[in-house]
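Make the full structure from the sequences, and use the hints.
The lines below spell out each chain.
Protein chains: 4
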Amino acid sequence: MKPTVELLQSIVESARPLIGQGKVADYIPALAEVDPSKIGIAVCTIQGETFCAGDADERFSIQSISKVLSLTLAMMLYDQDEVWSRVGKEPSGQAFNSMIQLEMEHGIPRNPFINAGALVVCDLLQSRLSAPRQRMLELVRNLSGEPSIHYDKVVAASEMEHSDRNAAIAYLMRAFGNFDNQVMPVLQNYFHYCAITMSCRELARAFVYLANQGRPLGLSNPLVSPMQSKQINALLATSGLYDGAGEFAYRVGMPGKSGVGGGIVAIVPGEMSIAVWSPELDKSGNSLAGTAMLEALSTQIGRSIF
Amino acid sequence: MKPTVELLQSIVESARPLIGQGKVADYIPALAEVDPSKIGIAVCTIQGETFCAGDADERFSIQSISKVLSLTLAMMLYDQDEVWSRVGKEPSGQAFNSMIQLEMEHGIPRNPFINAGALVVCDLLQSRLSAPRQRMLELVRNLSGEPSIHYDKVVAASEMEHSDRNAAIAYLMRAFGNFDNQVMPVLQNYFHYCAITMSCRELARAFVYLANQGRPLGLSNPLVSPMQSKQINALLATSGLYDGAGEFAYRVGMPGKSGVGGGIVAIVPGEMSIAVWSPELDKSGNSLAGTAMLEALSTQIGRSIF
Amino acid sequence: MKPTVELLQSIVESARPLIGQGKVADYIPALAEVDPSKIGIAVCTIQGETFCAGDADERFSIQSISKVLSLTLAMMLYDQDEVWSRVGKEPSGQAFNSMIQLEMEHGIPRNPFINAGALVVCDLLQSRLSAPRQRMLELVRNLSGEPSIHYDKVVAASEMEHSDRNAAIAYLMRAFGNFDNQVMPVLQNYFHYCAITMSCRELARAFVYLANQGRPLGLSNPLVSPMQSKQINALLATSGLYDGAGEFAYRVGMPGKSGVGGGIVAIVPGEMSIAVWSPELDKSGNSLAGTAMLEALSTQIGRSIF
Amino acid sequence: MKPTVELLQSIVESARPLIGQGKVADYIPALAEVDPSKIGIAVCTIQGETFCAGDADERFSIQSISKVLSLTLAMMLYDQDEVWSRVGKEPSGQAFNSMIQLEMEHGIPRNPFINAGALVVCDLLQSRLSAPRQRMLELVRNLSGEPSIHYDKVVAASEMEHSDRNAAIAYLMRAFGNFDNQVMPVLQNYFHYCAITMSCRELARAFVYLANQGRPLGLSNPLVSPMQSKQINALLATSGLYDGAGEFAYRVGMPGKSGVGGGIVAIVPGEMSIAVWSPELDKSGNSLAGTAMLEALSTQIGRSIF
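Residue numbers (UniProt numbering), protein chains in the order written: chain A, 1 to 306; chain B, 1 to 306; chain C, 1 to 306; chain D, 1 to 306.
Calculated directly from the structure, the hints in this document are not laboratory data.
Check the hints yourself; a few may be wrong.
Not the full set, but computed from the structure, chain C residues with beta-carbon under 7 Å of chain B [what the hints assert, rightly or not]: (1) Arg-16; (2) Ala-95; (3) Met-99; (4) Ile-100; (5) Glu-103; (6) Glu-105; (7) Ala-167; (8) Tyr-171; (9) Leu-172; (10) Arg-174; (11) Ala-175.
Where is the CB? At the ideal position from N, CA and C, for every residue including glycine.
Pasting the structure below:
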């Protein structure tokens with residue numbers, strides 16, 4: 001069965017009653033103020049057909065979803081050994097910002113989707129790009145075909161004010177020799193990436209490259225190779241949902257990445273990418289109604305990687 | 001591209017030079033004595049076609065591969081809440097026999113494929129089956145169509161003599177109220193399950209049910225539902241390869257389960273199941289040449305879940 | 001200033017209002033049933049003078065205080081290298097029954113006063129004594145001059161029924177090669193030692209040997225050498241009060257050992273031993289009013305090792 | 001028996017052969033360059049008699065010994081609840097610069113002598129002193145009667161260049177709300193305190209206040225109260241020697257504090273303070289020959305707190 005607008009609308013309505021059962025991220029004021037009743041979904045096929053329902057055209061803070069884009073950039077700029085000698089590929093089994101494992105494993109983060117790993121990726125970008133923030137904006141604008149995408153400067157500034165734990169993580173990696181640049185500028189970039197705002201429609205389109213062997217919509221050149229695209233999906237499947245990756249695979253069965261802004265992107269390789277948004281989070285930090293929408297979609301269109 | 005005997009033979013020959021770079025499991029004498037030069041592969045499609053190469057008809061100790069079968073049995077006997085209230089679904093991020101996480105998480109094992117989780121599953125089986133060892137034999141004989149499959153009693157006895165750590169794990173779960181039966185009889189069953197000997201050909205055929213939505217070859221009834229089959233594959237993808245699950249997903253891209261006997265079973269949902277065997281292990285405890293054969297097969301037939 | 005009966009009586013009355021602010025150990029029924037209003041203190045000088053107040057003549061379960069006696073026995077039976085190669089001398093920094101540190105440090109317990117360490121000491125005694133329970137009874141009867149001291153068989157049996165965690169600890173040490181005997185008989189001995197019942201008066205007299213360079217009251221031979229006596233006191237000062245050793249040193253300033261039965265023994269080297277009893281425990285598992293009585297005594301007689 | 005110059009000389013000669021068996025701290029060049037053959041000892045009684053041997057008049061980097069002085073300053077400036085709500089009193093059971101425990105215990109360091117605890121103490125001083133470095137210099141100059149004592153600016157600068165781990169520790173405490181000031185200025189003070197250079201003779205004299213109930217030599221006012229002096233000694237006994245506190249208590253039996261410059265200060269309450277120096281460290285980071293000299297002195301003059 002194929003996705004249709006009607007199907008997506010019924011999925012949004014089925015998930016709407018879940019609103020009120022989760023908790024909006026409140027560690028910074030700028031995120032806490034979001035309207036918790038927002039809910040949206042968008043599907044974009046590899047042919048470029050897009051189906052949307054709910055608040056699919058409203059932009060929100062993509063937060064950790066940006067970690068997939070920064071990893072993609074790093075894989076475009078570096079040989080694979082240069083990346084994977086500095087960050088691992090395994091699920092962490094611990095909270096996304098824990099320092100315990102990082103210390104026991106001598107400053108090598110478990111994977112690029114926990115904070116420590118994403119910071120190492122940003123450190124790599126800082127070493128090789130003259131304007132890493134501008135480069136990221138160009139990437140997301142090209143992938144989504146929307147030149148108006150931008151950083152939310154209020155969110156970025158607010159994150160920087162609450163950056164002590166991420167600073168601690170970066171300094172610990174420096175102490176282990178796994179962080180080359182000054183800490184503060186890299187943190188600034190990292191928080192700007194998290195503060196990008198995009199809509200479900202824009203996200204779904206932007207991530208089609210992972211459903212299509214590395215080839216973005218509307219661009220002449222592949223972003224990454226088919227093998228790299230497969231590798232990113234594999235990492236998303238095992239580590240993309242914080243410490244809820246196993247539960248997400250069990251219920252949804254697609255590679256995916258969530259952000260504390262309430263967005264989740266999921267991939268059906270060879271077919272489509274999907275973006276959902278609902279700001280309230282479950283106890284693992286993933287969008288509660290968003291996960292439910294993806295589970296319903298997976299069941300109703302009979303798509304899963306398993 | 002479809003698998004052929006010629007392709008499998010070339011894959012075996014390409015992987016053979018890896019022999020000598022890994023290390024045969026030696027924690028019990030009965031396993032340490034295996035010939036390290038053995039190497040085999042078998043593919044079984046959901047239509048029942050089988051392709052083999054190398055030592056695919058020689059039986060070996062399936063070890064932890066049995067954990068998939070004991071979980072399947074438990075899912076047949078219990079409601080899902082009864083199972084998943086006692087064992088989690090998340091990657092552990094730690095060694096397969098670690099007690100640290102088990103203590104911090106109050107006796108609830110992370111997933112059914114680490115030792116603690118498999119022991120809880122065996123405790124469930126002990127509570128509901130009058131002859132749990134006989135029942136397991138019937139299951140594997142039916143799934144593979146080979147009534148001669150049996151336990152290696154020397155291996156089982158040897159495991160029992162080196163069971164102190166598993167006893168510690170079981171007693172700790174008892175202390176947390178997550179283990180109902182006497183420890184020693186459950187350990188006996190667990191070690192017998194690990195001591196089943198099967199060939200690659202038999203394993204590939206036995207695991208087709210996970211490639212075919214729960215329907216085994218040659219049996220009239222499904223073993224588990226399509227949803228359960230998808231769920232087991234999801235757990236295998238995130239937790240089936242000890243602390244090498246991320247690397248395996250990155251390189252091979254299939255749900256799989258390994259054993260310290262050197263076997264690995266992998267699933268291409270909707271198409272086929274694959275079994276490989278080579279006794280030498282990598283540092284994560286997974287068959288070194290076995291993983292290489294699966295990676296080559298995935299690349300050459302263009303099959304992966306990502 | 002010297003201790004007097006009047007001083008001890010005033011200390012008991014000052015501490016009595018604390019009753020109700022702690023929590024009686026309730027992990028086994030036999031301990032939970034103790035009258036929480038009991039409170040007693042006894043001082044015994046190295047000359048044999050004894051001063052008592054409150055319920056100083058009522059016997060209670062000495063529990064972990066017995067760990068000092070089993071260590072003393074082991075130091076009498078073994079060379080020091082034989083003991084200290086199997087158990088450390090450092091504070092654990094963790095809960096008394098944690099397995100986390102034990103696994104990370106390969107089965108060598110931090111010190112002889114956490115459960116794991118005491119079990120190793122009991123394993124040593126089991127290897128060299130034909131009747132380890134009888135030998136312990138003889139020791140405490142001789143040290144206290146009270147031939148009627150005995151095990152509380154109800155408590156010992158009740159402990160054995162709740163022994164899963166201690167069994168897990170012992171099996172983990174066996175897995176690391178640091179436990180020589182069968183687990184269950186050693187656990188039986190361990191629980192019997194914990195189930196000895198003594199009064200404050202008896203305890204104070206029994207422990208004078210640690211205040212008097214190894215020489216017990218009323219016996220012709222020293223139990224241990226002056227150096228060994230000093231060493232035991234040093235271990236008590238750093239590790240005798242579970243994870244409250246630092247606070248106890250800060251407030252009381254004497255080597256001491258507590259038990260979950262509510263007793264504490266403390267030593268003023270060269271002068272006296274002190275025993276207090278009040279069943280309610282603080283959050284570290286040490287007698288709440290007992291610690292307060294020792295703090296008051298230390299302040300009022302101006303005695304502390306610091 | 002009383003200490004004499006002859007006794008100290010014989011102790012130095014007995015310990016000299018140990019030189020070569022330890023390892024000079026080499027994490028910063030300025031420390032690595034010290035002459036490893038230096039060895040000295042000084043005793044200062046509460047009456048002000050001083051006995052010295054070996055290189056007792058050569059200044060060295062006091063490093064962590066300064067943590068006792070910064071704690072003393074904080075106890076002079078703050079109520080005890082203000083100090084002890086921000087840092088604990090228990091042995092850490094882990095390496096001096098570990099972040100694992102700090103994260104698990106929500107940013108409250110175990111005690112004031114591990115790095116995290118000393119940094120909290122420096123944060124306290126920064127909040128209440130206008131010139132915290134000058135104030136520390138005045139303190140040590142007054143206590144030792146030596147106005148020429150100063151910071152080694154090369155060492156302080158070199159520490160600051162290798163400060164990533166300490167920065168990580170401070171930022172993690174800030175993330176938990178347990179660090180009030182900007183990180184870098186506090187680190188600067190901390191490293192300057194560590195970079196104070198003093199001789200054994202000066203150290204022994206400066207620390208007499210801890211042997212004399214808070215009263216320094218040659219000053220009219222007590223530095224701290226008798227109770228506070230007792231408390232500091234108690235903390236030194238349980239936590240003063242990194243993760244070798246138990247072994248030090250067992251062998252030496254005095255409250256003490258070591259530094260990676262190879263110095264150790266030890267206290268015999270009511271009698272004397274002792275300072276030793278030998279740059280090579282044992283595996284716990286304490287001076288190897290220094291510990292041996294203190295053990296010999298304790299045994300030969302028959303002084304120990306146990």
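Exercise for the section: Please verify that hint: C/Ala-95, Cβ, nearest Cβ of chain B, below 7 Å or not. Expected result: violated, 10 Å
Handout entry: chain B contact restraint for C/Met-99 - C-beta distance below 7 Å
Key = Cβ of C/Met-99 sits 5 Å from chain B, so the hint holds.
Problem - Per-residue hint verdict: C/Glu-105, partner chain B, C-beta under 7 Å - result: Check failed: Cβ of C/Glu-105 comes no nearer than 12 Å to chain B, outside 7 Å.
Practice task
Tell me if C/Arg-16 is really an interface residue toward chain B, meaning its C-beta lies closer than 7 Å to one of theirs.
Solution key: At 36 Å from the nearest chain B Cβ, C/Arg-16 fails the 7 Å test, so the hint is violated.
Handout entry: Hint validity - C/Arg-174 Cβ closer than 7 Å to any chain B Cβ
Key = holds, 4 Å
Handout entry: chain B contact restraint for C/Leu-172 - C-beta distance below 7 Å
Key = With Cβ-Cβ at 4 Å, under 7 Å, it holds.
Exercise for the section: Grab the minimum C-beta distance from C/Ile-100 to chain B and call the hint holds if it beats 7 Å, violated otherwise. Expected result: Since the shortest Cβ distance to chain B is 5 Å, the answer is holds.
Handout entry: Cut-off 7 Å, beta-carbon criterion: hint that C/Ala-175 touches chain B
Key = holds, 4 Å
Exercise for the section: So, C/Glu-103 near chain B? Judge it on the closest CB pair being under 7 Å. Expected result: Cβ of C/Glu-103 sits 5 Å from chain B, so the hint holds.
Problem - Restraint check, 7 Å cut-off on beta carbons, for C/Tyr-171 near chain B - result: holds, 4 Å
Practice task
For the hint on C/Ala-167, just tell me whether its beta-carbon gets within less than 7 Å of chain B.
Solution key: holds, 4 Å
Hints 1, 2 and 6, counting from the list given before, are not met by this structure.
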